[in-house]
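Just so you know, the sequences run in chain order A and F.
Mapped onto this note's numbering, the consecutive letters of the first sequence carry residue numbers 1 to 123.
Mapped onto this note's numbering, the consecutive letters of the second sequence carry residue numbers 1001 to 1247.
I should point out that these hints are in silico values taken from the structure, not numbers from a laboratory.
Where hints are given, some of them may not hold.
Said to hold, decoys possible - Straight-line Cα separation of at most 27 angstroms, DSSO-like style, residue types lysine-lysine; simulated pairs:
id : chain 1 : residue 1 : chain 2 : residue 2
1  : A       : Lys-104   : F       : Lys-1119
2  : F       : Lys-1124  : F       : Lys-1136
3  : A       : Lys-104   : F       : Lys-1080
4  : F       : Lys-1119  : F       : Lys-1147
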Amino acid sequence: MKVLVVDDFSTMRRIVKNLLRDLGFTNIQEADDGSTALPMLQGGDFDFVVTDWNMPGMQGIDLLKAIRADASLSHIPVLLITAEAKKEQIVMAAQAGVNGYIVKPFTAATLKTKLDKIFERLG
Amino acid sequence: MSIAMTGRISLQQAKSLVDFLESGQQEEADAIINEIQNPINSELFAEIGKLTRQLHDSLTNFQVDSRLNDLATADIPDAKERLNFVIARTEEAANKTMDAVEAIFPVVDTISEQVEAVKPSWAKLMDNDLNLTEFKSLCIGIDALLKTTGKETSHIHTLMTDVLMAQDFQDLTGQVIRKVIDLVIEVEDSLINMLTAFGLSTEKMQEKAMPKVGDNLVEGPVVNAEERDDVVEDQDDVDDLLSSLGF
C-alpha cells in the first residue's frame, strides 16, 4: 500500500512515517503542502493520504476537496491529522468527505484505531 | 480678552461704559454690560488655554518617549530572531531525538527476532524434550543472543543519553520565550498609553475585542480550549462530534 504523508513540518512527517512503518506501511512518500501533494497523487498510484490542515501553500482541506473533485483520485481515503480544533472545521472536513480526523497532539494508539476503522469500512 | 480679570468688572470697562453713556452710544454701552454679565467667554478662554497646555505636554511626552522607537526598530526585530531561534532549537531537538529512536528500533527488532528464534528450543528444553543436536543449536542461538544483547544494550544506553541531552532545548527556549513575553507586555502597555493619550477608551473596546488569530478559520493549536465552546478539547470530542453527524 502506497501512502502519501503531507505536512509542512518535517518533524511531524517523520513522526507519522515512523508510526505508519510500525503499523506495517513501508511504501511512504512525503509532500510539504497540498500543491506539492496533488501532482504527486495525480502522477502516482497512491492508496492513502495522511495530511495536515494548516500549511503555507495549499491547505489540507483544499487538498481534500481537490482529491474528491478529481475522478481519478476521489476514491483515495484521506486522514486529517491537525491541530485545528474548531467544531466548524471538523464539520467542514466531514462534509468535504474526510475519512478520519485526528486532532494533535495524538497518540500512536489513536492513529492505529483510526486506520483500522478506515480500512475496515473500505473492506 | 487678554485683560487679567480679578473682579467681575475692570476699570477699563467701567470707564468705557461711562464714556459710551455720556456720548449717547446706548448700544455700545449695552454690549459692555453683556460682556460683564456673561463671564463664559473668559472661562472658555481659560479652558482652551488649559487644554492647549495639556496637548503640548502630551505631544512633548510622546516625542520624549523614545522607547517606542526602540521597540519598533530594535526590540521587535530582536524578538523575531529569538522566536526563530526557538523554532530552530525545537526542530533540532526533535530531529536529534528521532535520530536516536530510529537507531534504537532496528536494534530492538534484532534482539526480539533472536529471542523468538531460540524460544521453541528453549521451551522444549524446559519440558526435558530437547535432543543433543537441538541442544547444540540452542546453545549457538543463545550465544548469539547474549552477544547481541551485551553489545547493543550499551549502544542503546548511549542513544538514550542522546535523547536525554536533546531535551536541553526546554531550558534555553524557555528563557528566550520569557524575554519575548516581557517585550509583549511592554508593547501592550505602550499601546494602551497611546490609546489613552489620544482619548480612545480601551475599556469599552476590550469587552468587544476578540483576538484575531488567523486567516479564514485556520488558527493552529488552541491554547485555551477549556475557556471556549467553539472548539473540541480532545480526540473523544472529535469522535463524538463526527458520530453525531452520522460518521
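Right, here's what the structure says about each hint:
no., hint, verdict
1, Lys-104/A <-> Lys-1119/F, "violated, 40 angstroms"
2, Lys-1124/F <-> Lys-1136/F, "holds, 13 angstroms"
3, Lys-104/A <-> Lys-1080/F, "holds, 25 angstroms"
4, Lys-1119/F <-> Lys-1147/F, "holds, 17 angstroms"
Hint violations for this structure: number 1 only, all remaining hints satisfied.
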